[in-house]
Amino acid sequence: MATGGGEGARTWRRRAPKRDLAVWFGWLLGLLVTLECFRVIADVTIWEFVWDAPQQAGDLFSRMVPPRWPYIDRLWLPLWDTINIATLGTLLAIVMAVPVAFCAASNTTPSRLLVRPVALFIIVASRSINSLIWALLLVSIIGPGVLAGIIAIALRSIGFVAKLLYEAIEEIDTAQVEAVAATGAGPGQVLTYGIVPQIMPAFAGISVFRWDINIRESTVLGLVGAGGIGLELQASISTLAWPQASVIFLLILGTVLVSEWVSARIRHAII
Amino acid sequence: MLELKGLEKRYPTGDRALRGVDLVVPQGQVMALIGPSGAGKSTLIRCINRLVEPTAGSVRLGDLELTRLGARELRRARRRMGMIFQEYALVERLSVMENLLSGRLGYVGFWRSWFRRFPAADIAQAFAILDRVGLTEFVDKRADALSGGQRQRVGIARALLQDPDILLVDEPTASLDPKTSRQIMRLIVELCEERGLAAIINIHDVALAQQFARRIVGLRMGEVVYDGPPADLTAEVLTTIYGEEDWSRTIRREDEEEEDPEAARDGTAEEAGGPPAPDRERLAGMT
Amino acid sequence: MAVAGARRSWSPPPLIANPWLRWAVVIGAAIYLYLALNSVPLNWARILDGLSRGWLFVKGFLTPDFVSRHEEIFEGLLESVVMTVVSTVLGVALALPVALGAAKNVAPWPVYYLCRAFIAASRTFQEVIIAILFVAMFGFGPFAGMLTITFATIGFMAKLLAEDIEDIDRSQVEAIRATGASWAQTVNYAIQPQVLPRLIGLSLYRVDINFRESAVVGIVGAGGIGATLNTAFDRYEYSVAGAILLLIIGIVMACEYTSGLIRRRVQ
Numbered sequence: 002m003a004t005g006g007g008e009g010a011r012t013w014r015r016r017a018p019k020r021d022l023a024v025w026f027g028w029l030l031g032l033l034v035t036l037e038c039f040r041v042i043a044d045v046t047i048w049e050f051v052w053d054a055p056q057q058a059g060d061l062f063s064r065m066v067p068p069r070w071p072y073i074d075r076l077w078l079p080l081w082d083t084i085n086i087a088t089l090g091t092l093l094a095i096v097m098a099v100p101v102a103f104c105a106a107s108n109t110t111p112s113r114l115l116v117r118p119v120a121l122f123i124i125v126a127s128r129s130i131n132s133l134i135w136a137l138l139l140v141s142i143i144g145p146g147v148l149a150g151i152i153a154i155a156l157r158s159i160g161f162v163a164k165l166l167y168e169a170i171e172e173i174d175t176a177q178v179e180a181v182a183a184t185g186a187g188p189g190q191v192l193t194y195g196i197v198p199q200i201m202p203a204f205a206g207i208s209v210f211r212w213d214i215n216i217r218e219s220t221v222l223g224l225v226g227a228g229g230i231g232l233e234l235q236a237s238i239s240t241l242a243w244p245q246a247s248v249i250f251l252l253i254l255g256t257v258l259v260s261e262w263v264s265a266r267i268r269h270a271i272i
Numbered sequence: 074m075l076e077l078k079g080l081e082k083r084y085p086t087g088d089r090a091l092r093g094v095d096l097v098v099p100q101g102q103v104m105a106l107i108g109p110s111g112a113g114k115s116t117l118i119r120c121i122n123r124l125v126e127p128t129a130g131s132v133r134l135g136d137l138e139l140t141r142l143g144a145r146e147l148r149r150a151r152r153r154m155g156m157i158f159q160e161y162a163l164v165e166r167l168s169v170m171e172n173l174l175s176g177r178l179g180y181v182g183f184w185r186s187w188f189r190r191f192p193a194a195d196i197a198q199a200f201a202i203l204d205r206v207g208l209t210e211f212v213d214k215r216a217d218a219l220s221g222g223q224r225q226r227v228g229i230a231r232a233l234l235q236d237p238d239i240l241l242v243d244e245p246t247a248s249l250d251p252k253t254s255r256q257i258m259r260l261i262v263e264l265c266e267e268r269g270l271a272a273i274i275n276i277h278d279v280a281l282a283q284q285f286a287r288r289i290v291g292l293r294m295g296e297v298v299y300d301g302p303p304a305d306l307t308a309e310v311l312t313t314i315y316g317e318e319d320w321s322r323t324i325r326r327e328d329e330e331e332e333d334p335e336a337a338r339d340g341t342a343e344e345a346g347g348p349p350a351p352d353r354e355r356l357a358g359m360t
Numbered sequence: 394m395a396v397a398g399a400r401r402s403w404s405p406p407p408l409i410a411n412p413w414l415r416w417a418v419v420i421g422a423a424i425y426l427y428l429a430l431n432s433v434p435l436n437w438a439r440i441l442d443g444l445s446r447g448w449l450f451v452k453g454f455l456t457p458d459f460v461s462r463h464e465e466i467f468e469g470l471l472e473s474v475v476m477t478v479v480s481t482v483l484g485v486a487l488a489l490p491v492a493l494g495a496a497k498n499v500a501p502w503p504v505y506y507l508c509r510a511f512i513a514a515s516r517t518f519q520e521v522i523i524a525i526l527f528v529a530m531f532g533f534g535p536f537a538g539m540l541t542i543t544f545a546t547i548g549f550m551a552k553l554l555a556e557d558i559e560d561i562d563r564s565q566v567e568a569i570r571a572t573g574a575s576w577a578q579t580v581n582y583a584i585q586p587q588v589l590p591r592l593i594g595l596s597l598y599r600v601d602i603n604f605r606e607s608a609v610v611g612i613v614g615a616g617g618i619g620a621t622l623n624t625a626f627d628r629y630e631y632s633v634a635g636a637i638l639l640l641i642i643g644i645v646m647a648c649e650y651t652s653g654l655i656r657r658r659v660q
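Protein chains in written order, with the numbering used here: chain S, 2 to 272; chain W, 74 to 360; chain P, 394 to 660.
Keep in mind that the hints were calculated from the coordinates and are not lab data. Worth double-checking, as some hints may not be accurate.
Taking lysine-lysine and the DSS-like style, the derived pairs with C-alpha atoms no more than 30 Å apart in a straight line are [stated by the list, open to error]:
(1) S:19 / W:252
(2) S:164 / P:452
(3) W:252 / W:214
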């Protein structure tokens with residue numbers, strides 16, 4: 002920003018000309034990078050298929066409608082599995098995430114130099130890798146099935162829950178902790194009386210929020226063999242049974258909406 | 074000249090905020106609008122520039138009937154009505170100059186304003202007004218770095234940069250301390266005199282209103298219940314506007330003013346700001 | 394200590410006051426857990442078999458092999474990065490109008506409902522499901538993946554940004570409108586300055602997410618590193634898979650670090 006000119010006619014610009022130029026150059030550079038990236042994608046794209054897409058979409062739609070409703074009877078068990086994967090996976094994640102969170106929070110960690118970096122790495126590693134990739138890995142290790150799904154969801158959720166939880170721990174009111182410590186309480190008592198009550202609402206909210214996300218995630222784990230409704234989706238798609246696929250999509254839609262409603266209600270009740 | 078006729082506003086909730094207000098504000102007149110919270114003061118001035126759509130009645134600014142304007146004409150008409158707000162309503166993350174220039178938005182096209190390339194004349198005028206309100210050295214400060222009084226000066230400057238015929242002022246001093254309040258009121262009145270502007274000033278502080286306005290209009294439950302000079306604002310009048318209360322310490326008395334106008338002005342303003350004298354004595358006795 | 398009168402006992406008040414509801418919740422949860430745990434089939438032989446394979450994976454992860462499949466890895470990563478860049482830019486750009494449309498205080502109600510419906514649609518389905526549909530329409534390859542991630546980005550950004558727009562200080566908008574500014578000028582002068590820091594923060598956050606997503610859509614044929622990873626697992630090449638995972642983690646960490654720096658500067 003600069004006010005230039007002499008005493009006579011004062012001029013005003015939002016930025017100094019040099020900075021103006023830099024900003025323009027930045028936008029231009031960003032545009033060029035994006036275009037170049039798009040070129041890489043475009044080079045490996047078969048454009049006949051892309052131009053054909055509206056027709057393909059219409060074709061797909063006409064094959065999906067009407068849905069084959071009787072097929073839904075075969076979906077209840079996979080749906081039950083899907084919900085179990087999400088719920089048990091979330092519970093398992095919470096159990097493992099709590100100690101990780103306390104180790105990662107700078108005000109509760111036993112050791113800043115040794116323990117905290119390890120905890121932070123666990124969080125980053127868990128968060129970086131999508132649950133579907135964890136499922137891929139686990140199916141390859143312990144074989145296909147619901148168990149692989151549960152562990153995959155748990156491994157992905159540890160990072161999420163632990164990250165939000167440790168941020169909540171770092172934001173607690175230290176005066177309350179001091180007050181409890183001042184009564185002569187031991188470290189465990191300080192934890193349960195000074196810290197836990199402060200983070201309880203955040204903790205419950207995070208858990209329910211993650212459960213809601215996990216319902217959504219667990220619907221696709223079956224695509225790589227980790228159980229649930231995704232298995233049926235995989236089977237339907239690989240046999241091009243689109244009327245069945247549309248039933249599955251609608252069922253997933255319903256499940257996600259219900260889970261969103263439930264989680265909103267619970268979070269509302271907590272706060 | 075601004076002329077309101079039978080102005081009514083009924084909110085979707087059913088509240089009748091204005092019940093047929095008739096009012097004429099001639100060119101160059103500074104008018105204070107007083108009344109209790111919820112009397113419809115804010116609604117009234119927002120119905121004039123149609124930030125709130127009136128339900129019925131007419132608003133004429135000069136020869137222009139404002140209530141029937143389309144979106145484009147309304148924008149043109151709004152340029153002629155500068156508005157000053159209670160909590161300053163500056164865009165906090167923009168600089169003082171950008172806030173000032175936003176007063177020219179009705180005059181320049183979108184791309185010009187997008188790239189902040191305002192005409193040189195606008196910028197010269199902005200600097201002139203900035204000098205006038207005493208904020209020249211703050212040109213490129215962000216608005217949220219200023220104090221309350223400074224922010225309100227920017228708010229006033231923004232309204233003036235519109236080159237308006239009338240100022241609509243909504244509780245200009247409600248967030249300011251007593252001294253700054255008086256400075257701001259004085260600035261508004263002086264600027265109106267310099268430029269021959271009319272102004273409608275919504276204000277809670279009766280003493281300030283009496284001190285600075287030539288004409289006072291009292292609003293109660295969406296109706297005009299008093300319209301006259303500040304001197305005629307008696308305890309009975311205040312009771313009709315606000316309801317039962319001891320008004321003896323709020324009103325400027327004629328005799329006091331004749332003896333020593335300066336002292337009377339200061340005295341009333343101080344007392345309106347602070348707690349009533351008997352209380353102060355009682356508290357002193359208790360400690 | 395002497396206590397006057399009868400001895401009083403105290404126990405902490407229960408979380409749910411209504412005893413019927415409390416016990417219903419407890420028993421319901423217990424029954425659910427019992428049923429759910431029993432419905433998980435456990436093949437102990439396969440799991441024991443898996444333990445040794447799990448050990449192999451850990452070893453592979455600790456001795457990552459970046460070399461033997463470096464061409465596939467490089468191509469996959471390049472595709473992922475490129476998809477991330479294009480879909481973030483495109484997604485954020487398209488999310489801006491949707492966010493304005495989905496903010497109650499800015500948009501007229503038909504536009505509001507339209508935009509909200511669009512956001513709901515893009516957020517309900519997991520990205521992979523969208524990717525399956527886009528692959529069916531646009532053919533295999535990163536183009537379908539790019540569209541998938543763009544679509545998800547629009548929903549995410551528009552929802553959070555719309556909430557932010559709904560939370561802005563209304564008096565600033567009113568003040569700009571009162572000067573005679575047009576709708577576009579009001580957005581530029583009153584809304585943009587208020588939501589810009591949040592917009593930048595969310596966009597940076599979305600870069601991370603998009604990179605992670607771009608590693609997944611490859612599993613259903615929508616380009617990116619996911620396909621390479623899938624192949625590595627299929628061939629039990631754990632050291633290659635470990636290398637890929639480490640690269641993903643490294644890139645995500647680098648993104649998070651950079652975005653943290655930028656976010657601190659913007660505020």
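**Message:** So if I understand the rule, the pair passes when the alpha-carbon distance is 30 Å or less; does residue 252 of chain W with residue 214 of chain W pass?
**Reply:** Given pair residue 252 of chain W, residue 214 of chain W holds - Cα atoms ~24 Å apart, limit 30 Å.
**Request:** Could you grab the alpha-carbon distance between residue 164 of chain S and residue 452 of chain P and see if it respects the 30 Å cut-off?
**Result:** 27 Å, holds
**Request:** Please work out if residue 19 of chain S and residue 252 of chain W have their alpha carbons no farther apart than 30 Å.
**Result:** 43 Å, violated
Violation of the numbered hints given earlier is confined to hint 1; every other hint is satisfied by the structure.
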